Amino acid sequence: MKIRIGTRQSALALVQAEAVRTALLQHNSELEVEIVKVVTSGDRRQGTADAAVSDKKEWVQEIEEGLLEGRIDLAVHSAKDVPIAIEDGTEVCSVLDRESPFDCFVIKAERLPADGSCSLRALRPGAVVGTSSVRRKAQVLRLRPDISVVAVRGNVPTRLEKLQAIEELDALILARAGLDRLGLGQRSQGSFDAREFTPAVNQGVLAVQYRTSDTSLREAVAVLQDSATESVWRAERSCIEKLGADCNSCVGVYADCENGTLKIFARVLKPDGSYSIEQEMTGQASEAEQVGSRLAEELLKQGAAELLLGS
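Here the working numbering = 1-based position in the sequence shown + 15.
Hints are computed from structural coordinates only; laboratory data are not their basis.
From a predicted model like this one, the values you see are computed outputs, not experimental measurements.
Take these hints with a grain of salt, some might be off.
In silico EDC-like pairs for lysine to aspartate or glutamate, Cα to Cα no more than 16 Å straight-line [as the list claims (entries may be wrong)]: (1) K52 with E80; (2) K278 with E313; (3) K72 with D103; (4) K257 with E183; (5) K278 with E245; (6) K123 with E182; (7) K278 with E182; (8) K72 with D208; (9) K123 with E183.
DEER-style ranges, computed between Cβ atoms [what the hints assert, rightly or not]: (10) A137 with E295: 21 to 31 Å; (11) G318 with G85: 18 to 28 Å; (12) R86 with T230: 18 to 28 Å; (13) L46 with L158: 25 to 35 Å; (14) Q41 with R233: 16 to 26 Å; (15) G318 with L158: 15 to 25 Å; (16) E125 with Q299: 44 to 54 Å; (17) Q179 with V30: 41 to 51 Å; (18) L83 with R136: 46 to 56 Å; (19) V54 with E273: 31 to 41 Å; (20) S301 with T227: 15 to 25 Å; (21) R86 with P160: 43 to 53 Å; (22) E302 with M16: 49 to 59 Å.
Using N, Cα and C, we set each Cβ at its ideal position, and we do this for glycine too.
Based on the provided sequences and hints, a complete structural model is requested.
Structure below.
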């Protein structure tokens, strides 16, 4: 059986695709697995004046088209990039164990506080922090309203290069999982706690997408699924769907699953970080989607819809 894996061509995307390829071969050495690089609309806009991506679809559309047209058999995505509405005729699920879901802090070496403190609160007054995420910006300002937040875009290595090249930048906020998967975890000065700085929905999770009609491929990827990761993936995704949030929303969601019990926490913020609402819920992992949806309903009762309109 030959499987053509479609993926974006960034270094991180290729590492993620290779992890899935390796896992497939470990379970069945008779498979022939090829990685096919796909350039997406979001990739084309990187480095241009119109680089801000307004829709998750721009990171996956061409990959989905490749699936439907039979040019690839399996797509590997960062789960946080997968929109709620996927193409008809395809299915998506999580695979492998979740990497760290947390955001982390990368401080320019010469700007490290003299006492060795490595936290957002330890940065100098009026420091400049780089991120293109509205969720991260709002949470930085929630903790430190004196800080200036500037847009820094590009893949992970590019953003690390910009940290050194742009004189006024003091630090970056990045996903810990991306650094770890690229072998750059040592660049981080520490990860945020989920209550302090709530991560993006499905951050650290890998998702695969395939044609619904391809039952043999469904069986091949089923052995790669981790039940706890699948539960938190579904719970977080269900919460965002019920909220009607997208990649332009100031929303963080984090779920954890242990011994069949699911805990999920979410925070919705004003873009300037001046106000936020948060909620936690516990339930059975077997009812992950219902738990995520109920959490969103509670947030909506507290006024989440009005906050989301301001995002």
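Hint check:
no. : hint                       : in the structure
1   : K52 with E80               : holds (13 Å)
2   : K278 with E313             : holds (15 Å)
3   : K72 with D103              : holds (14 Å)
4   : K257 with E183             : violated (40 Å)
5   : K278 with E245             : holds (14 Å)
6   : K123 with E182             : holds (10 Å)
7   : K278 with E182             : violated (41 Å)
8   : K72 with D208              : violated (29 Å)
9   : K123 with E183             : holds (10 Å)
10  : A137 with E295: 21 to 31 Å : holds (28 Å)
11  : G318 with G85: 18 to 28 Å  : violated (47 Å)
12  : R86 with T230: 18 to 28 Å  : holds (20 Å)
13  : L46 with L158: 25 to 35 Å  : violated (47 Å)
14  : Q41 with R233: 16 to 26 Å  : holds (18 Å)
15  : G318 with L158: 15 to 25 Å : holds (21 Å)
16  : E125 with Q299: 44 to 54 Å : holds (50 Å)
17  : Q179 with V30: 41 to 51 Å  : violated (22 Å)
18  : L83 with R136: 46 to 56 Å  : holds (48 Å)
19  : V54 with E273: 31 to 41 Å  : holds (40 Å)
20  : S301 with T227: 15 to 25 Å : holds (23 Å)
21  : R86 with P160: 43 to 53 Å  : holds (49 Å)
22  : E302 with M16: 49 to 59 Å  : violated (34 Å)
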